[in-house]
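Asks: Given only the sequences and the hints, what does the whole structure look like? Please build it.
Listed here are the chains, written in short residue letters.
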Amino acid sequence: MTVVVLNRRNLLAAGGSVLATGILAAGVPGLLLPARADGLVPTESMSGGANNYRKGAAIVDRIGKGGFWMSGTVRRAGDGAPLAGQRIQIWAHTVEGQEHEPQSHGATLTDKDGKFRLEMPQIIPIFGQPHGHLAYDSGEFKTVFLRPVMRSAKETSLEAHFVLQPA
Amino acid sequence: MTRWKLARVILIWAALALAVGVPIALAAASEQLAWRGPIYILAGFAGIVALGLVLVQPLLIGGYLPGLSAYRGRRVHHWIGGALALAIVIHVAGLWITSPPDMIDALSYTSPTPFSPFGVTAMWAIFIVALLALLRRRLGLRPRTWRFVHMPLAIVIVAGSVVHCLLIEGTMETISKAALCALVLAATVKVMIDLQVWRKRRALRGESIARQ
Numbered sequence: 001m002t003v004v005v006l007n008r009r010n011l012l013a014a015g016g017s018v019l020a021t022g023i024l025a026a027g028v029p030g031l032l033l034p035a036r037a038d039g040l041v042p043t044e045s046m047s048g049g050a051n052n053y054r055k056g057a058a059i060v061d062r063i064g065k066g067g068f069w070m071s072g073t074v075r076r077a078g079d080g081a082p083l084a085g086q087r088i089q090i091w092a093h094t095v096e097g098q099e100h101e102p103q104s105h106g107a108t109l110t111d112k113d114g115k116f117r118l119e120m121p122q123i124i125p126i127f128g129q130p131h132g133h134l135a136y137d138s139g140e141f142k143t144v145f146l147r148p149v150m151r152s153a154k155e156t157s158l159e160a161h162f163v164l165q166p167a
Numbered sequence: 001m002t003r004w005k006l007a008r009v010i011l012i013w014a015a016l017a018l019a020v021g022v023p024i025a026l027a028a029a030s031e032q033l034a035w036r037g038p039i040y041i042l043a044g045f046a047g048i049v050a051l052g053l054v055l056v057q058p059l060l061i062g063g064y065l066p067g068l069s070a071y072r073g074r075r076v077h078h079w080i081g082g083a084l085a086l087a088i089v090i091h092v093a094g095l096w097i098t099s100p101p102d103m104i105d106a107l108s109y110t111s112p113t114p115f116s117p118f119g120v121t122a123m124w125a126i127f128i129v130a131l132l133a134l135l136r137r138r139l140g141l142r143p144r145t146w147r148f149v150h151m152p153l154a155i156v157i158v159a160g161s162v163v164h165c166l167l168i169e170g171t172m173e174t175i176s177k178a179a180l181c182a183l184v185l186a187a188t189v190k191v192m193i194d195l196q197v198w199r200k201r202r203a204l205r206g207e208s209i210a211r212q
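Chains as they are written, first to last, in the UniProt record's numbering: chain L, 1 to 167; chain A, 1 to 212.
Since the hints were made in silico from the structure, they are not lab data. Incorrect hints may appear among the rest.
[Stated by the list, open to error] Listed below are several chain L residues computed to face chain A (Cβ distance under 7 Å; list not exhaustive): (1) N51; (2) P125; (3) F127; (4) G128.
[Unchecked claim] What follows is a list of derived Cβ distance ranges for each label pair: (5) L:S47 - A:E173: 24 to 34 Å; (6) A:I175 - L:V95: 18 to 28 Å; (7) A:A17 - L:V95: 28 to 38 Å; (8) L:E155 - A:L11: 37 to 47 Å; (9) L:E44 - A:I193: 40 to 50 Å; (10) A:L167 - L:A58: 31 to 41 Å; (11) L:E140 - A:P114: 51 to 61 Å; (12) A:V22 - L:S152: 16 to 26 Å; (13) A:P117 - L:E159: 23 to 33 Å.
All C-beta atoms, glycine included, are put in the ideal place defined by N, C-alpha and C.
Replies: Next comes the structure, spelled out in structure tokens:
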């Protein structure tokens, strides 16, 4: 036997959610769908992202002895097109040096798909969090500093993604 | 009878030594130390020692440590308070030298690390209590006024320190760190219940209402 499920509570809940969706969608479209309004939104610099940055790190095949992979993508704001040949600078406190030390810094270029990948020494926790630093700071687009955090200090890779807007 | 008393004295002090000593010893065995400079290591241990001192403070003022009279306990509480402020200065100064931009972020409450604001808030509470304790006689603070100021700040210090410490991924071993934090909280709650700080505060409030 089927029980009629249309009671007052259901009606209220259903009506309420319809109302809420309607108000949200109509009243604040920018809040609900920022991506659709302006295309892909540019990445904001993260707080503390620029800490211990050394401008102009050299492009290297590998930072130090390696063992840890930093990877990610670089895309253009708006249409999301991959950006090739973009210089991404990477640094962190690793088993081979502290954040501010020159040997902890290096840079790499994105490939034709806008992807980058650079081997570096194992990142270890510094200032209470195992984290890396990345920078796009080449002038063509607006400078962005990222500071991704590892879920665990035992992880051997970390990702960070850039969406750049013209400077 | 006296033998039992002596055993109790030894047990309590041994328990305190373990509660503070084990986390410090395990942190000293951390593999993270291999990749840190001496100043960073000193700064980290100053923080761990500070947490240990935060445990000692309520135990002293509650008279839970045998062999110390109420008067002596209070005197030692003052000195440990000074040592705590000094440990925090070493902690902050050492971290500042290690990575100035990260310390500036923390002190200006703009740090990306969630534990920083708790630590910085506890730091200011410690400094305020230490300063007021130094000026207490000069300011002519009555015991009741002092307690009214010190108790909320003590809670800020304890809560801030515990949250700060628990959220940090560093040299401290997880279980000994959690145990030390639990003891700090337990000692604080116990001393506040035993000394009936809330009842006194309510009485104070009642009095001021009655006066109006």
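Asks: Next step is simple, just say for each hint if it's right about the structure.
Replies: Here is what the structure says about each hint:
At a threshold of 7 Å, the smallest CB-CB gap from N51 of chain L to chain A is about 4 Å, leaving the interface hint in force. For P125 of chain L, the interface hint holds, the least distance from its beta-carbon to any beta-carbon of chain A being 5 Å, beneath 7 Å. Hint status for F127 of chain L: holds, given a least beta-carbon distance of 5 Å to chain A, under 7 Å. Interface restraint check for G128 of chain L: the shortest CB-CB distance to chain A comes to about 4 Å, inside 7 Å, so the restraint holds.
At about 29 Å, the CB distance of S47 of chain L to E173 of chain A agrees with the hint of 24 to 34 Å. Separated by about 25 Å at the C-beta atoms, I175 of chain A and V95 of chain L satisfy the suggested range of 18 to 28 Å. Roughly 34 Å separates the CB atoms of A17 of chain A and V95 of chain L, a value that falls within the hinted 28 to 38 Å. In this structure, E155 of chain L and L11 of chain A meet the distance hint of 37 to 47 Å, their C-beta atoms being roughly 43 Å apart.
Range check, E44 of chain L to I193 of chain A: about 47 Å between beta-carbon atoms, so the 40 to 50 Å window is met. Between L167 of chain A and A58 of chain L, the C-beta spacing of about 36 Å keeps the proposed range 31 to 41 Å intact. At about 34 Å, the CB distance of E140 of chain L to P114 of chain A disagrees with the hint of 51 to 61 Å. For V22 of chain A paired with S152 of chain L, a C-beta distance near 24 Å keeps the hint of 16 to 26 Å intact.
At about 27 Å, the beta-carbon gap between P117 of chain A and E159 of chain L stays in the expected band of 23 to 33 Å.
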